[in-house]
Every structure is written in structure tokens, then in C-alpha cells.
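Chains as they are written, first to last, in the numbering used here: chain A, 1 to 256; chain B, 1001 to 1291; chain C, 2001 to 2352.
Treat each hint with caution, since some may be false.
[Claimed, not checked] Computed footprint of chain C on chain A; a stretch qualifies when at least three of its residues, placed anywhere within it, have a C-beta under 8 angstroms from a C-beta of chain C:
#1 14–23
#2 129–143
[What the hints assert, rightly or not] Residues on chain B that point at chain C, a partial pick, calculated with CB under 10 angstroms:
#3 M1074
#4 V1077
#5 I1097
#6 E1107
#7 I1219
#8 L1220
I should point out that these hints are in silico values taken from the structure, not numbers from a laboratory. Computed from a predicted structure; not experimentally measured. Glycine included, C-beta positions come from ideal geometry on N, C-alpha and C.
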Amino acid sequence: MPLLQAKSVTHYFGGLCAVSDFNLDLEKGELVGIIGPNGAGKTTVFNLITGVYKATRGSITMNGHELVGLKPNQVTALGIARTFQNIRLFKDLSVLDNVRIAHYSQVGYTAWESFFHIGRYRNEEARVAQNSLDLLAVFKLDAYADDLAKNLPYGLQRRLEIARALATKPSLLLLDEPAAGMNPNEIMLLMDFIRWIREEFDLTIILIEHQMRLVMGICERLKVLDFGATIAEGLPQEIQANPRVLEAYLGEQEVT
Amino acid sequence: MTTFLQQTLNALQLGSIYALIALGYTMVYGILTMINFAHGDLFMIGAFFCFLGATFLNLPFIPSLLLSMVGVAMLGVTIERVAYRPLRSAPRVSAIITALGVGIFLENFTLVFFPYPQSVPTLLKTVIWNIGGVTISNLQILIIVVAILMMIMLDVIVQKTKVGMAMRAISWDKSVVPLMGVPLDLIISITFALGTSLGATAGTLYAIAFPVIDPYMGILVGWKAFIAAVVGGIGNIRGAMIGGFILGIVEIMVAAFMPSTYRDFVAFGVLLILLIFRPYGILGKPRPQKV
Amino acid sequence: MAQTSHPPLTLRQKLTQLWEKIATNRRLLPILLVVGLALSFLIPEFNLVNPYVQLIMMYVGINIILTLSLNLINGYMGEFSVGHAGFMAVGAYISAVLTTQIFARDLNPWLFPLAVLAGGIGAALIGLIVAIPSFKTRGDYLAIVTLAFNMIVKSVIENIEAIGGPRGIPGIPRLTTLPWVFIWTVLAVWVIRNFIYSNHGRGVLSIREDEIASDLMSVNTRKSKLLAFTLSSFFAGIAGALFAHVLQFISPKVFDILKSTDILIMVYLGGIGSIGGSILGASIFTILLELLRPLGMWRMVLMPLVLVLLMLFRPRGIMGMREFRWFVPIDDLEATRRWRARKEAGDAAASS
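Let the sequences and hints guide you as you build the complete structure.
Below is the structure:
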């Protein structure tokens, strides 16, 4: 059984079809890229998987669980985490708090225990703080634990966002344009980084990206979207040679 | 049937006053995405300007109305300049709290000079006609006509003139429009002048219809008009008119067929239920949040 | 030990040092609490200050509870609730009905805590209902819901003859005493602080920062909103109950939108998202209003001006989003330092 399976997922905004008939069979451990021009519906696919939007038609399953109709926090609890195109950290909270918040569903004490700081509160909080700081250390962010997230430099904010996503203990990670705003050198480092977290955290990854260098470098399989429709899929080298993809990216004249 | 017609007329009278105030809220919101909580008190100041003009200057109706409109517009523009403009880039809530502060200041400042309710001298002789059992006074007609005239004027300004176009453009995108040569500050000042003078008109008309005024009169009326603006779809000018009239109708109908103490309860309840079914108001459209 | 000569400290540095000493000395806090509790008994017993000042002290305490509870919604959760007096009214009326109509008069002093608690629970249940619209609507629209809620509560009370209708309830026994106010205030500060520095509280904070991201980080935002509204309205109800039994007379007019505005002002004066700020805001506002009393009516003109000036020059209030270290649980404050110490110890053990 595939880890994530999307079957003819279709989504409309009002009358506008943002994603049409999207299909995906994702095996455990794969690293798949979704590419396509601006406005092709790539981020919408992420929003449909994570429950930010409810698919108009179709079904998405994770390990056999239906995701369509679940709220985002329930989807996250099933082991799907994501980052955002334009970083969405909890800016006015500390780096540590950003990661602690992502532990929310793993903390097992009730509201009453939080009102009076009794029962499991102490042990659970100690555990969450320990895990969060350990995770930050893995990402070399522990030195900034008490700083506000908004005061981190841009590159570290991107890294923190990934650390925060991993704190939810996902088996599937969705990366939305992780290379945005990076120079070629940084992109090389990012590729190593993505390979590394994949190994280290035993992840399956879907990646949305514009940077061809990154996509061609690490993705094992690609899907190409244009105006919501899947226009091609296959190995990176096949995609590079596909005339429909060139057409979508470069305009018609180049092909004819 | 006659009672129904009678009440409809009363509802139109009250509704047009609410609509005029709601317009001021909605215009400022549309352009600054800020709730001008002092607006209800500017309505009160409008009533007091009319009172001052009529009592101390012995002005007749039209000059009193003009005095009130000009006076309140100047006050409104000054308030924007002094208290709101420096906060344009501050957290949104700071501006709202400032507006609350300005409102309380206006109330209590007026209270110092007029600690007791004042009665407004009769500006127009009341004439009452009886048509098929429905009593109509010239004041009612005047209020409805003046209000509708003002609304038509505003609609023309916003839809047809260059200033109106600039206002609509700014409410669409505040960061890009100034780059295209639209004088942001001037347009915002004009918006305040227009919005507050409509509030002043409402104050004057209110003072004529219910000639006992006090410094706190703007609070409840203002909050209600604000809710009317939200029900119509805040930021939407035609929505504010519709919201105002709906509120007027609900209030009058409740007062006509139920004990009058239920008026506020039912009015707010109906508005809440409307909001549950149309969370962005009757004419408002949700702006999708980008993820 | 080598002697190094320090340049003499300036007054400012000395004060900073002193402040550091006070702020980091956590043993001072329990001492202050015990002294405070003792004083709250001794002051009325021996009339250490005149009754008028005692009255102001009680109002300060009640206003701290109100400000902190509203700050939970407006500051920590980042919503804009404008009808807090509605919850206060529920607590005030429930407790006043209990003490004037249900409880036996001579048992009142003993049953008073029960009446206050009932007021809080009643308000909390209403808060649960008001929280539901917050699932779908935000910002200005939620503000309307809370505003309408305030007006509806007032209107409902006006229409129930059994509790006095528009005339209100006179002759409420003066059961609120300085020790009670002190105990409830400390309890409110403690519980709300505990909540904020917990998993559920962090959920509330993340809603303020970015609700969508919060949801996607597994936070149950609905549950967080319910908890925040319930806790907030519970303490507003408690404050209302205490208030009714100081004032000894309540009517719907006492809990109108002006009262809500007062609470809003205290929150934003002290600063959003701060316990210390709430205490400062409530105290300064209450005391300043009393100090300005000789100005007569001009006092009410001056007060909003002060607020406007504060917003212009310090839009986040006195303590906006900052906190005195005293109010941060020690485990939270020290989490990073302790972790680093453990790690260094571990590294040292590994290398030896």
C-alpha cells in the first residue's frame, strides 16, 4: 500500500478550477518533486493534503486513512508536516516556543493540570523542553533557543521552520519552495541538508520548487502541473526532454 | 395594514439615520481598515453643533445643518491628522484604542459644558398629514429625503469622480496606489471629511426628530450603526445603507409588536443571526487568506 | 585574587543592578505574598489606612482580575473582545441573587466564597457559548459578536423582573473584604499564568501569531479557543461577583459598554500579552482616576487624553509583550540554561 495516495483530486475556488484530477501514489521513502509555473496549483495541492482546503472532489489517503474532511491539526497528527512558501513562524515567540508548540499533540496533560501545574505537568513539560532543545541542537539552532523567531536571520528562519515541522514527528514532509531566495551555493548546501534529514528522520518528502537545479538534483520523480492539470510525470531526465513541459515553462513559440 | 405602513415609515426614518452613521464607519474602514470608534461621538457633536447654531445664533434649519456638517468635518479631519495618522503603521489595535479614547474625550469634554440634557429649539414647524389612517409629518419626510439625497451624492462621488476612484483604489491596495501618484493623505482626509459630515447630518436630523440631546447619546446609536455597517459588509458603501435600513426596520417592528424593552435584545439577536449565515455581511466578500 | 579597580557606578547602573537583584530573587515572591495576605487582614482590622483607601485597594484587585482575564483573549490570543462587562454582569447577578434571595442571611459570610464561585462558573458557561462563533470569525467580526453579547446580556437582565429588571438589585450585603480580594487576585494571576505557560497556553499564543500555521503544527485551535474564553469569562465572573458585593447595588446599567471600555483601556494601558502589564495597567488606571478626583469633571476629559498620548508614544502600552521574570515559572525561565548545563556535563563525562 502506498504511504500517500491521491485519487482524482479536484478543487474549485468559486468557478475557478485550481487543481483538476490530481493523482499521486507515494511510496514510503520516496522524494518526489512537484514543479510548474506560477499559479499552476502546486501550493493548492499541499493545502488540500494538509486540510487547509477541503477538496471539492476526490480522495486523499494516508496509510489508508481518508484525509479529505479532516481539520489541519488532525492531518498533522496522522504524520504529515509542512513548511510554507513565505515563512510562517510564530514571530513574536521564542525559537524554543516555536518548536514546543509543534509538540502540542504529543503532550498528555489536561487543562486542569495546566491551571494548577499539577499531575503530569512537570514531567511532560520537562520532556517537551528536552526534546525541543535536542531537536534544535540537531539543527544547530540551540544557541538561539531564547531569541525571538523574528530576530533570526533569513536562512536560520528557514531552518527553524523545518525543525518545527519535524517536531510534529511526521513520516511525510511537504516542503514548499525551500530554496526561495537562496543563491546557487546555498542551494547546494540545501540539497545535502534535505538528503540528510531524509535519512536522519526516515522521511518521505514531497517538494515544490522553482529552482530546477535543486529539483533535478535530488528528486527521484517529478510531477508537472500547469493551470491545475498534471501535464507530465516521470524521471527528472524525462521531464527535461518533455515538449509539453517546455511549452508550459517557456511559452509556445519555443516549441513550434 | 395601516399600522404596517405607519411602522414602515417610522422604520425608514430611523433606518436612514442609522444608514448615514454606518456610512461613516464603513468609509473609514474601507480606506484604513480601522474601526473609527469615535464616529458615534462625532454624530453626537453634530447634534450639538445644530443645537448651538439654533440656540445661540438663531440659525434656521439649513444653515444649522451646514454649520454642523462643516464643523464636524473639520473636527474629523483634525482627529485623523493628530491622533490616527501617526499610528498608521502601528499595530491595528493601537489605532482602535486611540479611537475609543478620542470618543470618550469628546463625550466628557461636551459633558463639562452641558452636564444636563439639552432641548433643541424647534427649527421647523411640524406639519402632520393624515393619509388613510397613516400619519406623516413633514419632519419624517425631510429626514428621509435629506438622508437619501446625501447617500445619492456620496454614491456619485465615490463611483463617478476622480476622488472617488482614488478612494476605491486605496481601499483595494494601500501600498501600491500612492506609487501611482495618488495623494494618500489628502484622499484619507477627504474620506474623513465626507464620512464625518454624513455623521453630522445624522446628528442634526436626529436632533430634529428627538429634540432632547445629551453627550452620551452617540454611544448606543454609534455602536448600533457600526453593527449595521458590519451586517451590510464593512467597507461596502451600499452595504452600509442596507444594514442601516435593516436595523431601523427591526427596531421599529420590535417596538411595535413587543414590549419596547425587548428592542435592543431582538435587534442585536437578529444581527448576530444574520452574521452567522453571512459572516462577511450582506454585500461583503471574504478576501481569501493566502497560505 | 587580583584586585581590579572599577570606575564608580553611576546612579543608573546602581539602580539597574538593584533591579536585577530584585527581579532574579525568586524567594522574595512568597515573602511578599505572605506579607500581602497578612496586611490584607490587618489593614481592615486595625484601620491602618482610612476606609476610602481600603475601598480603592479592593477596586485595584478586582480590576487586576478583570484586566488579566481580558488580556488572555485580547493580548495572548490576539482577538479583539469588547464585551467583557457582559461576563462580569453574569457573575455579579448570579452571586447577588444567591446572597440576597437564596442563602440565609446569617450564613452569608460563610457561603460567600460559594456565591463568588457560582458567579464565576455561570460566566464561564456563557463564555463557552461565546467562544463558538470564534471558530469561524475573527477580528472585527468577532468584536461585533462580543459587543452584541454585552448588549444582549444587559437587555436580558432588564427584562427579567425577578432580578429587578432595569432597577437592579439593591441592598446586597457588603461581603467582599480585603482578604477575599487579595486571595482571588492572587489565584487569578497564578492560574492564568500557569495556563499561559503550559501546552494549552502555548496553543493560545500560536493562534495569535498565525492561526493557520498553528493548526498545521497540530494545535487543536478550537479547544484552545474554548479554554481561553472559558477561563477568561470565569475570572470576569469572579470579578463581577466581588464587585457586586463591594458596590452593594447592581443594575444593568453598571455593566454596559462603558464598563467594557474601561477594562479595554486598562489592558492596553498596561500592555498586551503581559501579566505584569495587566497588574500595572489596572493599578495605574484605578489609582490615577482617584488621584484626579479634585479636578472634578475635567478628570474624565484628561483620562482619555492620557490614553491617546500613551498610544501615540507607546502603542504597545507600558509592558506590551514583555514580562517581569517573577511571573515566568522557573522551569520555563531556566529551561535552556539547565539543558545546556546537562549537555556540558554529559559531554565532559563522555570525554573523560
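Discussion item. Tell me if the interface restraint on V1077 (chain B) is satisfied: Cβ within less than 10 angstroms of some Cβ in chain C.
Written reply: 17 angstroms, violated
Worksheet item: Do at least three Cβ atoms from the segment 14–23 of chain A come closer than 8 angstroms to Cβ atoms of chain C?
Response: That given contact is violated, which follows from only 0 residues of the segment 14–23 of chain A lying within Cβ reach (below 8 angstroms) of chain C.
Worksheet item: Does M1074 (chain B) pass the interface hint, meaning its C-beta sits closer than 10 angstroms to a C-beta of chain C?
Response: This hint is violated: M1074 (chain B) lies away from chain C, its Cβ roughly 19 angstroms from the closest one there, beyond 10 angstroms.
Discussion item. Given a cut of 10 angstroms on the nearest C-beta pair, is the interface hint for L1220 (chain B) held or broken against chain C?
Written reply: 8 angstroms, holds
Discussion item. Restraint: I1219 (chain B) near chain C, CB-CB cut 10 angstroms. Satisfied or not?
Written reply: 7 angstroms, holds
Worksheet item: Are I1097 (chain B) and chain C close enough, Cβ to Cβ, to be under 10 angstroms, as the hint says?
Response: 5 angstroms, holds
Item to complete: Mind checking the CB of E1107 (chain B) against every CB in chain C and telling me if the closest is under 10 angstroms?
Response: Hint holds; E1107 (chain B) Cβ to chain C Cβ min 8 angstroms, cut 10 angstroms.
Discussion item. Is the listed coverage of the segment 129–143 of chain A by chain C valid when you require three or more residues with a beta carbon under 8 angstroms from a beta carbon of that chain?
Written reply: holds (count 5)
Figure legend: structure checked against the earlier numbered hints; hints not met, in rising order: 1, 3 and 4.
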